[in-house]
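Participant: Next come the chains, spelled out residue by residue.
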Amino acid sequence: MIRKFIRSLGFAFISCSMFFTPIIAGAESATTGEMVSGGFIFAVPGGLITGLVLVSMSREKSKATRAEQYMKSKLQLKGRNDTYLRTTTSKTKIKSDN
Amino acid sequence: MAVNISYKCPTCGAEIFWNAEKNCWACEYCGDSFTLEQLEAQGAAKAPEEINKDNVEKHEEVDTDEYKSSTDGTVGSDLVKYTCSHCGAEIITDRSTAATICVYCGNAVIMGEQIIDDFSPDYVIPFKVPKKDVMEAFRKFSKKPLTPKDFKCDQIVDKMQGVYIPFWLYSGVCSGSINAEGVNVRTWTSGNYRHTEKKYYSVFRDGILEFERVPVDASSKTENDAMDSIEPFDYSELTKFNPGYLSGYLAERYDENSDKCLLRAQERIENTTRDELKKTCDYDTLNIHNYTKETNIKDVKYAMLPTWLLYTTYKEKPYFFAMNGQTGKFIGNLPIDKVKLAIYSLLGCGGGFLIGALARAAGLF
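The listed protein sequences derive, respectively, from chains A and B. Under the working numbering, the first sequence has 5 at position 5, and the numbering climbs by one with no breaks. Under the working numbering, the second sequence has 264 at position 264, and the numbering climbs by one with no breaks.
Hints listed in this document are in silico derivations from the structure and should not be mistaken for laboratory results. Every value quoted in this text rests on a predicted model; they were computed, and no experiment measured them. Warning: the hint list may mix true and false statements.
Partner residues are not named here, just some residues of chain B that face chain A (Cβ under 7 Å, in silico) [stated by the list, open to error]:
1. HIS195
2. TYR200
3. PHE204
4. GLU212
5. PRO232
6. LYS329
7. ILE331
8. PHE353
9. GLY356
10. ALA361
Restricting the straight-line Cα-Cα distance to at most 27 Å, the calculated cross-link-like pairs of lysine-lysine (DSSO-like) are [said to hold, decoys possible]:
11. LYS198/B x LYS95/A
12. LYS298/B x LYS78/A
13. LYS140/B x LYS63/A
14. LYS63/A x LYS301/B
15. LYS61/A x LYS317/B
16. LYS63/A x LYS144/B
17. LYS72/A x LYS279/B
18. LYS198/B x LYS93/A
19. LYS72/A x LYS298/B
20. LYS72/A x LYS301/B
21. LYS221/B x LYS63/A
C-beta: ideal position from N, C-alpha, C; glycine also.
Bound conformation, chain A alone (with noise of 0.2 Å):
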């Protein structure tokens, strides 16, 4: 039991170690004004998500579309074929050249 909490404690630290380490060495060189922008980008989804998982969480009820569970055999395919039509390229600049 001990040893189970010592591991998972071990891994909590190495994965918040991995995780926060480059952040916070990032954030030494950035401004205040930029934290608090991108901190408001996120604020708004963050808090949407976290309302609609909850909510989900407890709706349980839904209209079955799928028989996916009642399928005898696996697909038998009669036919196949793939043409190839055309191809397209494009390129998006992502840095300036000088």
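Fit chain B to the known structure of chain A by using the hints.
Facilitator: Frame of chain A; chain B shown alone:
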């Protein structure tokens, strides 16, 4: 002479009921329990073949001004009257009730006329979850983060019924074909540019998929979504129907025929066939332009499947919950505490703010 479809203990003669815990018929008085074979061998069980339209009790029409609701708690407004074969009391119930419990003497009453001829079920899955486990399961189910604190399971349940719900089980074949456009995308970076290449393909697939026993509930009184949600049932326990399984429970007979319910099964079958055809297409994105399908139903069976239904009222609003009487799966929409929702959402906002700020600081976006 009307046949009484009741099951008497071969040992003491008292009424016996299906016992979900022991998976057999049990006598509450002497404690003996029996399998169907034992009951049949001792002449204590009626075989379905022995029950016919000439020897079953017929319902009587009721005066709708006199009776506004059923006496056995069944839902429905089309009421009829039966007489309890044990105590002679009047049982006012819905027209499609196939089995009930007499509110006066507590004995099982099986309406023979609702389980013969066209209404005779092919199969039944007997109850496996006993009544005493239902409330505990409901308590566990209701422990969700947004459930109001005063939603006390013991206090709010108005009615809890073990009900055999009629289901149609459709077996058949669906043949379908899709015409689609598949796209494979490749991206790479070169110098200051990110290049994207998209290769387009015309895709055709044609296939056949066989289905077995797709269930659709055949009662207009139960919510379709709820009955869909308590699936799946374990068909390995599907047993040839015998009226004895209904003793001690409520049962509905179908009031929506197999043609009417077919559309729901067909929709599920055809959606799954399309999904399976899509799975054979190995593309990054697939846009289906045309899907043609044809479902051929080869066999339809009528089965009685076990459910526990809970009717509750919380803050004057009715709530309905259902449990699969075989697997114990619980479903329903719980009430939501809006204050809790606001607090958790604000916490989510805070978490999102922190992640966003740290990600910005790290230059991730």
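Participant: Mind checking the CB of LYS329/B against every CB in chain A and telling me if the closest is under 7 Å?
Facilitator: At about 9 Å, which exceeds the 7 Å cut-off, the nearest Cβ of chain A leaves the hint on LYS329/B violated.
Participant: Hint check: is the beta carbon of ILE331/B less than 7 Å from a beta carbon of chain A?
Facilitator: It holds, given that the least Cβ distance between ILE331/B and chain A is near 5 Å, below 7 Å.
Participant: Below or equal to 27 Å on CA atoms is what counts here, so check LYS63/A against LYS301/B.
Facilitator: OK: LYS63/A and LYS301/B at ~22 Å, within 27 Å.
Participant: Does LYS95/A sit within 27 Å of LYS198/B, going by the straight-line distance between their CA atoms?
Facilitator: holds (22 Å)
Participant: With chain A as the partner, please determine if ALA361/B meets the hint condition of a C-beta pair closer than 7 Å.
Facilitator: holds (4 Å)
Participant: Would you mind confirming whether the straight-line C-alpha gap from LYS140/B to LYS63/A stays at or under 27 Å?
Facilitator: holds (23 Å)
Participant: Below or equal to 27 Å on CA atoms is what counts here, so check LYS198/B against LYS93/A.
Facilitator: Holds: LYS198/B and LYS93/A sit about 18 Å apart, inside 27 Å.
Participant: Check the hint pairing LYS61/A with LYS317/B against an upper bound of 27 Å on the C-alpha distance.
Facilitator: holds (17 Å)
Participant: Would the hint on TYR200/B be counted as holding, given a Cβ-Cβ threshold of 7 Å to chain A?
Facilitator: Constraint on TYR200/B satisfied, holds at 4 Å.
Participant: Does the alpha-carbon distance linking LYS63/A and LYS144/B stay inside the 27 Å limit?
Facilitator: holds (22 Å)
Participant: Next pair to validate is LYS72/A with LYS279/B; report whether the Cα-Cα distance is within 27 Å.
Facilitator: Holds. LYS72/A to LYS279/B sits at ~17 Å (cutoff 27 Å).
Participant: Hinted pair, alpha-carbon criterion (27 Å max): LYS72/A, LYS301/B. Please report holds or violated.
Facilitator: Holds: LYS72/A and LYS301/B sit about 16 Å apart, inside 27 Å.
The structure fails to meet hint 6 from the earlier list, while all remaining hints are met.
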